[in-house]
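Visitor: Spelled out, the chains give:
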Amino acid sequence: MSGRLTDADGRERVEFTFEGDAVSAYAGDTIAMALWAAQAAALRRSSSAGEPRGVLCNMGVCYECLVTVDGHNVRSCMTVVRAGMVVERGGRQ
Amino acid sequence: MSDLVIDADVGVVGAGPGGMAAATRLAAAGLSVAVLDEAPRAGGQIYRQPPVGASASVGIPEPPSHDQGHALIHEFERARLLSVHGATVWDARPGRLWFEHEGRSRLLRCERIVLSPGAYDRCIPFPGWTLPGVVTAGALQVMVRGFGVVPGQRALVAGSGPLLLPTVTALLGAGVEVVAALEASSRWRALRAAPGVIGNAARRREAVWYMKQLWRHGARLQWGWTVFACEGDGRVQRAIIGKVDADGRPRRGTARTIEVDVVGAGFGLVPSIELGLRLGARSRYRPERGGYCLVVDEEQRTAEPTVFAAGEICGVGGAEVAAAEGAVCASAILGELDGRAAAPEVLRAARAERRAADTMLRAFAPLPGLNELARPDTLVCRCEDVTRKQAQQAAEVHGDSMRAIKMGCRAGMGPCQARICGPSLQAMATGQNARVMDRPVVQVPLKAVRADTIRNAPEAC
Chain A
993 MSGRLTDADG RERVEFTFEG DAVSAYAGDT IAMALWAAQA AALRRSSSAG EPRGVLCNMG
1053 VCYECLVTVD GHNVRSCMTV VRAGMVVERG GRQ
Chain S
338 MSDLVIDADV GVVGAGPGGM AAATRLAAAG LSVAVLDEAP RAGGQIYRQP PVGASASVGI
398 PEPPSHDQGH ALIHEFERAR LLSVHGATVW DARPGRLWFE HEGRSRLLRC ERIVLSPGAY
458 DRCIPFPGWT LPGVVTAGAL QVMVRGFGVV PGQRALVAGS GPLLLPTVTA LLGAGVEVVA
518 ALEASSRWRA LRAAPGVIGN AARRREAVWY MKQLWRHGAR LQWGWTVFAC EGDGRVQRAI
578 IGKVDADGRP RRGTARTIEV DVVGAGFGLV PSIELGLRLG ARSRYRPERG GYCLVVDEEQ
638 RTAEPTVFAA GEICGVGGAE VAAAEGAVCA SAILGELDGR AAAPEVLRAA RAERRAADTM
698 LRAFAPLPGL NELARPDTLV CRCEDVTRKQ AQQAAEVHGD SMRAIKMGCR AGMGPCQARI
758 CGPSLQAMAT GQNARVMDRP VVQVPLKAVR ADTIRNAPEA C
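So the protein lines, in turn, are chains A and S. For the first sequence, the working numbering begins at 993 and goes up steadily by one. For the second sequence, the working numbering begins at 338 and goes up steadily by one.
Simulated from the structure, these hints should not be mistaken for lab results. Do not rely on the hints blindly, as some may be mistaken.
[Unchecked claim] Just a sample of chain S residues kept apart from chain A, beta carbon distances all over 10 Å, derived: (1) G396; (2) A680; (3) R699; (4) P752.
[What the hints assert, rightly or not] In silico contact screen, one side only, chain S against chain A (beta carbon under 8 Å); selected entries: (5) S392; (6) E399; (7) V472; (8) T473; (9) D737.
[What the hints assert, rightly or not] Beta-carbon label-pair distances, calculated as ranges: (10) S:G390 with A:T1009: 19 to 25 Å; (11) A:A1075 with S:D582: 50 to 56 Å; (12) S:P532 with A:T1009: 50 to 56 Å; (13) A:R1005 with S:A592: 20 to 26 Å.
All values reported here derive from a predicted model rather than from experimental measurement. Cβ coordinates follow ideal geometry from the N, Cα and C atoms, glycine included.
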């Protein structure tokens, strides 16, 4: 289980969807951190085995947290959430 | 000219302590400076700032060294310079840095370049390291300090080196139960770090602060222990931990299982040198500094005379080293313009910081025996799903060079471009744990960017 430190919420809420489910984030969150706080750890399926993968480095190096936004693959740890963003799991579907 | 192309006297890559120190000084001297940084705000990973609009701090106690970070950020953000954030540099030539920014393909043209791109966590493959919830030590720090996200309820921290301490204290500060904090080096080996700590006032203060934090929470480091494996259904639920011998080899009969919901593993750092190699810098293998590091002269100049480098790219050393070497880069560039050498006191300060860091980090150089944690069916390359056995077969059939292994099994050819598996891939494939790795080969794009970014690059490279 994860969540937020109480002091972190001086920011506006931003709503987006992941795999069709509504997710509530804070402005300035990356997709990866908003999803982690929302308990969604599996962000993509691996290339050949199709195993679930999630955040590894959290700083844009490993590409394990790839998701799809508007048809583009993006690193969810480096992409800040926008209201109404439609985020899908990355990799093999 | 469109805003896709920026012109500056000096282009700086990275807004961590090294880049900030260099850029602030160069701008103060009246040069036009443009800084490219991949993160949303200045600070680098070590002094990472929370998002704009969030409380200034997430309420986690900070070590004394962070005063330097606040001072650097304060000066940097008030300096007359251009700082571009969310910029991913994907190709470079002397005087040119191509980068993707907000989905657009842009170019920075400059007379000189200062590289301070930092480092990233060294990963060592072990069974279950691909499970969601198993992350690097650095990832946990970003989570807590950068975003105020509580990583879980019960954490395991395992790895080696001084960065385990800020990871553990960040978790404790966030109210996470740290079930175990495991340092693979033995207490005796770690004692070799002592002269680098005792001989340096700032590092001494830092060490005392961390000891107090651990003591306050009743936490302790277990020396000579590490993570053997992680298990769980769809995400990590258990970790198997145990003792290792002096070389890092797992010791039979010492394994025990703990229940956890998050694991942070960090076996030191790997310098991010790709950009330097692309620009013509030379590199050298220095295990105590994290592997291949750029070779620089005493003014931080690389083999390409218009390119300077500061901080982790010259070998892992920490924020104090980076800031001191950033100051050297600035002094050297300003000196060149005035036809004189860099200021001797600035060079002396950087040398002293580097010496202290080298002494400390030698005690945490990667333990070769940790490569035996991976079993034949353990994935070594996470991008291409390549197991250790497949990498071994590739080495047997095609040869034991990095290139042959990559060609033979596709390990290291995915989007991370071998940044994650590279440091241990050759040892995994050949079983020669202590061998000196082949120098990494740089491929353009240096980081995966959109095809349009490459197609639309200004002044196509």
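Visitor: For P752 of chain S, is the shortest beta carbon distance to chain A beyond 10 Å?
Guide: violated (4 Å)
Visitor: Let's test the interface hint: is any C-beta of chain A closer than 8 Å to that of D737 of chain S?
Guide: Hint on D737 of chain S: violated, closest Cβ of chain A at ~24 Å, above 8 Å.
Visitor: Would the hint on T473 of chain S be counted as holding, given a Cβ-Cβ threshold of 8 Å to chain A?
Guide: Nearest chain A Cβ about 5 Å off; hint holds.
Visitor: Next item in the hint list is V472 of chain S. Is there a CB on chain A closer than 8 Å to its CB?
Guide: holds (5 Å)
Visitor: If we take the beta carbon of R699 of chain S, is the closest beta carbon in chain A still more than 10 Å away?
Guide: holds (25 Å)
Visitor: Would you say the C-beta atoms of P532 of chain S and T1009 of chain A sit inside 50 to 56 Å of each other?
Guide: Between P532 of chain S and T1009 of chain A, where Cβ atoms are some 55 Å apart, the hint holds.
Visitor: Does the interface hint hold: is S392 of chain S within less than 8 Å of chain A, judged Cβ to Cβ?
Guide: holds (5 Å)
Visitor: Does E399 of chain S meet its interface restraint, that is, does its C-beta lie within less than 8 Å of any C-beta in chain A?
Guide: violated (13 Å)
Visitor: In terms of Cβ atoms, is chain A entirely out of 10 Å range of G396 of chain S?
Guide: About 4 Å separates G396 of chain S from the closest Cβ of chain A, which leaves it inside 10 Å; violated.
Visitor: Holds or violated: 19 to 25 Å for the Cβ distance of G390 of chain S and T1009 of chain A?
Guide: holds (22 Å)
Visitor: Looking only at beta-carbon atoms, does the pair R1005 of chain A, A592 of chain S fall within the given range of 20 to 26 Å?
Guide: Once the Cβ atoms are compared, 45 Å apart, the range 20 to 26 Å for A592 of chain S and R1005 of chain A is violated.
Visitor: Closest CB-CB distance from A680 of chain S to chain A, is it above 10 Å?
Guide: holds (33 Å)
Hint check: violations occur at hints 1, 4, 6, 9 and 13; the rest are consistent with the structure.
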